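Asks: Heads up: the sequence lines are chains A and B, in that order.
Note that the working numbering has the first sequence beginning at 1, numbered continuously upward.
Note that the working numbering has the second sequence beginning at 1001, numbered continuously upward.
Don't take each hint at face value.
In silico contact screen, one side only, chain B against chain A (beta carbon under 7 Å); selected entries [to be verified]:
{"no.": "1", "residue": "LEU1054"}
{"no.": "2", "residue": "ARG1083"}
{"no.": "3", "residue": "VAL1111"}
{"no.": "4", "residue": "SER1142"}
Just the calculated beta-carbon pair ranges, DEER-fashion [as the list claims (entries may be wrong)]:
{"no.": "5", "chain 1": "B", "residue 1": "ASP1023", "chain 2": "A", "residue 2": "ARG29", "range": "46 to 54 Å"}
{"no.": "6", "chain 1": "B", "residue 1": "MET1019", "chain 2": "A", "residue 2": "GLY198", "range": "41 to 49 Å"}
{"no.": "7", "chain 1": "A", "residue 1": "PRO119", "chain 2": "B", "residue 2": "THR1061", "range": "34 to 42 Å"}
These are computed hints drawn from the structure, not numbers from a lab.
These numbers were taken from a predicted model, which means no experiment stands behind them.
In this text, a Cβ means the ideal position worked out from N, Cα and C, and glycines have one as well.
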Amino acid sequence: MTIPLTVISFAIAMVIAVVTALVQFAGIRGLKELARFYVWVVRGTPLLVQLFVVFYGLPNIGILIDPFPAAVLVFSINEGAYSAETIRAALEAVPRGQMEAGECVGMTYLQIIRRIVLPQALRIAFPPLSNSLIAMVKDTSLAANITVTEMFMATQRIVARTYEPLALYIEVGIIYLIFCTVLTKLQRVGEKRLGTYGR
Amino acid sequence: MADDLLRVNGLSKSFGNGMVIQDFGLSVDKGDVIAILGPSGAGKTTMLRCVSFLERADSGTMIFDGKEYSLSSPSRHDVLEFRKKTGFVFQNYNLFLNRTALGNVTEGLIVARKMSRKDAEEKGMELLSRVGLQDKGNSYPSELSGGQQQRVAIARAMASDPLMIFFDEPTSALDPELTGEVLSVMRKLAEDGMTMLVVTHEMGFARNVSDRVVFMEEGKVVEEAPSEKFFSSPEKERTREFLSTIMNQN
Ligand SMILES: Nc1ncnc2c1ncn2[C@@H]1O[C@H](COP(=O)(O)OP(=O)(O)OP(=O)(O)O)[C@@H](O)[C@H]1O
Ligand SMILES: [Mg+2]
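Make a model of the complete structure from these sequences and hints.
Replies: Okay, here's the thing in structure tokens:
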């Protein structure tokens, strides 16, 4: 469950993050404030608390969500807020004059964002986003707290049967380490492939 | 008057700290090359940006290619129409960093003009060779010198077959040994009959290439004259002062 939980949540988080970052970058009134509020709340509260609110809290008002979708929901919303900040900073880092140049050749704002600014921003954001993905692989272990049988939860169950906590917890640690090492390697390859434009 | 391509009337603009352009007027005939001179802070860039809708003026109107535009509250449609007929060359080139030299020239053609990629690239290569960069089509801006980047920017501004091109100090970000290549491209453009409005500190260009000089200070036109006359027998005391300072620097 660790891998699908991470992959699905991260993919949704990226969509949320790009939208949230763009709304702020473009300064769309109303939506911009909403985006800020979202980022503020999510970044200011612990992930574990968010998991508990959604899984154990929401049933109080009649909203019952199964463990796995609840975990996906919380991880995407959480990661979306952090990555939105990363992407927003990357958007700001793209030299602004290109937008005016785009206007002068007759492009619309959306065309400029989609074809010129966003591709450059995503390249700038690639390394920090990869780091977030790696952090997320490990954070998914928190989903055990809301009964999602991801890797950590599975380990706890085996420990309960076999009374071998040291060996088993070290083993699961090593598995996380392998996942993250593979991802780090992929990140290097990705960075090489993307490179900078020219040079 | 029949050849009047651009006429600006009553352009004013202030920023928080005060008036930058005051009741500025200008008219440009088809085929004219106009040099805008003036000390730093005179409002040259601001004027150029207001006229090209990169900045909203507080007031002012413009007639361009027979159509009237508001400089303070133009409609989106008017702005797009104006952009289709003009080009702008920036001091810092402002090339699209994620596009090759060729991509910079074709981007507007493909996206804004809906030209097919093939036609756009053909046209792009032709323009790059006009600025002497036919072999740099696949280079990214980061792989080009400042002079080469500015020439790509000029090719990009020419791509839409504009009626007029605006230049804001196109050589002042360049190392002195690179200004020549850009100026010679501009001179060629002028000889081919392009209408150009050029903010510049290059006295050689103003004197030898431009037809007329507009000298600005504190957001107003101080003196306007045919280039030859402007340099040989300026009328205003302030103009003489400015010219002698400039000449002493060189
Ligand atoms: N965006 C802005 N906000 C506030 N003040 C501005 C802005 N742009 C220009 N100004 C002010 O307007 C005045 C004119 O600036 P402008 O850049 O038009 O001068 P310029 O003639 O182009 O000078 P230079 O030769 O140095 O490029 C300056 O005093 C400048 O500080
Ligand atoms: Mg200027």
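Asks: Looking back at the numbered hints, which does the structure fail to meet, lowest number first?
Replies: 5
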